[in-house]
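Keeping their order, the protein sequence lines are chains A and B.
Numbered per numbering that gives the first Met the number 0, the first sequence spans residues 0 to 589.
Numbered per numbering that gives the first Met the number 0, the second sequence spans residues 0 to 86.
Calculated from the structure, these hints are not laboratory results.
Here the structure is a predicted model, which is why all the values come from computation and not from measurement.
All residues carry an ideal CB built from backbone N, CA and C; glycine is no exception.
A few of these clues could be false.
Covered, in the sense of this in silico footprint (three residues per stretch, anywhere, with C-beta under 8 angstroms from a C-beta of chain A), are these stretches of chain B [claimed, not checked]: (1) 22-35; (2) 49-59.
Partial pick of chain B residues on the chain A-facing surface, computed with a CB cut under 8 angstroms [what the hints assert, rightly or not]: (3) Asp3; (4) Cys19; (5) Asp78; (6) Val83.
Selected chain B positions facing chain A (in silico; Cβ < 8 angstroms) [as the list claims (entries may be wrong)]: (7) Thr5; (8) Ile43; (9) Gly46; (10) Phe63; (11) Ile64; (12) Met74; (13) Asn75; (14) Asp84.
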Amino acid sequence: MSQFMLNLIVVGASFALYVGIAIWARAGNTSDYYAASRGVHPIVNGAATAADWMSAASFISMAGLIAFVGYGNSTFLMGWTGGYVLLALLLAPYLRKFGRFTVPEFIGDRFYSNTARIVAVICLLVISITYVIGQMTGAGVAFSRFLEVDNTTGLLIASTVVFIYSVLGGMKGITYTQLAQYCVLITAYTIPAVFISLQLTNNPVPALGLFSTHAESGLPLLAKLDQVLMELGFQDYTGSHGSTMNMFLFTLSLMIGTAGLPHVIIRFFTVPKVSDARKSAGWALVFIALLYLTAPAVGSMARLNIISTIFPSGTAEQPIAYDERPDWMTNWEQTGLLAFEDKNNDGLIQYYNDRSEDFAPIAEARGWEGNEMVTFNRDILVLANPEIAQLPPWVLALIAAGGLAAALSTAAGLLLAISSAISHDLLKSVFMPKISDRQELMYARISMAFAIALATYLGLNPPGFAAQVVALAFGLAAATLFPALMMGIFSKSMNMQGAVAGMLAGLIATLLYIFTYLGWFFIPETNMLPNTAEHWLAGISPLSFGSVGAVINFVVAFAVMKMTQAPPTEIQELVESIRVPRGATGAIDH
Amino acid sequence: MENDQTTAYWAANIRIILICLSIWALVSFGFAIWLRPLLAALPITIGGTDLGFWFAQQGSILSFIGLIFYYTWYMNRLDRRFGVDEE
């Protein structure tokens, strides 16, 4: 059976499973649709949150993202996990106690104002729509790579599958498909990782293998990796390079941003109790860590393995000849993710860092005229692993299903956040307060269909800024929603004026800072200052600005609060009540 | 629940949140970033590299998991002691 047929069967079977779950978990009312009737077990919700959170980029690109930079990109590992501590300690239990369906609903009710509600909806839409574009393009790319269809067809298939289970099942359908998707993606990620770890270190646990001995050389694996990288003119894996200040601010922005992402927060509305919301955040992080602890191991081992393949007798000796390269390289050359160019016409593959000035004389002495592995896409480190480790073809098929599971689960969570903000916060709370539960459910489904259509359109015609949007989403979540939610819980005296002014200040400051360096609305050439360290304000990169935006939000909110009227007594009582777990209810019927 | 009881419960919660967040910041921003050179001076190596690197790629994540479960356990006990747990 060909690899293509096998991919088709495995991916087809996983899709049939998702659709089957959706039919089983049909939503009958708005409580089902928005919050899965608050009947989700905390461990199940933890797994669903992990799938909701880990996107196609986490699955396919993160290992490479870390392996090609090393220590400096540990920011992603810490930033994308540390946010769950903030969620568990500062937000999730209280928002669960409040017992409603959406993030803007909390902000609107707590700050007794439809203005606050609408500002929160705007922030949510900007954050979630920018985020979903990346997921849709990711799903399209994953499809075209694994199933040999073009991007457009791939995207349309992905939209159709998401449409079926999210319109039918809402949060209930999404929760149980996310559980299944988590199982598919973690199995697919772990199997090749275990084999490569066994091969290099004799240790079956990749995370332990990363810190153990390289079987072939007897050196610690990381010392061996640093050594071969530096022998080829690359920067070492474990060393500190770059600004400590930016590393700190970027990590902090990712953490606060993670805690402020609406599609993650709403997952904690689905558990039965307040104490479950705390516990569930812990489980979510356990399930996320299974992948995040494996990713740096996979990335660094795969990179070391590829270098050893090219330099079989060590980096000081000659590399292999192009004609003798392994089959997996030939296979991935066809996808364009890997490309070679014999610059010095010696028939051998010289892979080194030709941008290193220190290494240039060594390269020249060896007769090397430039790096000959001209394309080395970082995704290779995950995608080609099954072949590098000579695993059977069904493992590659599983990787295909895993990559798609990661893209679909995140897209579905985002689409629910978008559609519930429209049907629940805009239609039910502001424009059509008189509609019945049945009518609202219908509007929720229409909003979902609309959100999918919009996301599909944007996925097919991605705005030029697709690469920057994820940074924007995190920056804005950190600067707008997180501070508003936190002040709503931890400050009894925070009032409507303060919260609205804070959110607007955070939103505007962050957008202005990002647009100044990356161009107005990311249109190239419209940036007012070049995006380089010497032009950044106090050396702060636009990607790290979210935490500064959050500080601006807090400061403005408290300043405005001092000058305006205190919130009404019943609001202060509401804050008192969300601070204690007792009395948490199931879903509230509106 | 009496008013001073509510205040005491909330004060105890804030206290444990601050303790947990100090550890959260120490393992990530501290050990993994700002204090890495200090840790590297210690005669401890892990897998051929310094402790700060381990915290950046694994130690901080494991600490985060520990912190959330500890906070959950602590709060469940606190909720019961103040009689504000869920029936």
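A quick look at each hint next to the structure:
no., hint, in the structure
1, 22-35, "holds (count 7)"
2, 49-59, "holds (count 7)"
3, Asp3, "13 angstroms, violated"
4, Cys19, "6 angstroms, holds"
5, Asp78, "5 angstroms, holds"
6, Val83, "4 angstroms, holds"
7, Thr5, "7 angstroms, holds"
8, Ile43, "13 angstroms, violated"
9, Gly46, "3 angstroms, holds"
10, Phe63, "5 angstroms, holds"
11, Ile64, "5 angstroms, holds"
12, Met74, "6 angstroms, holds"
13, Asn75, "6 angstroms, holds"
14, Asp84, "6 angstroms, holds"
This entry does not satisfy hints 3, 8, going by the numbered hints stated previously.
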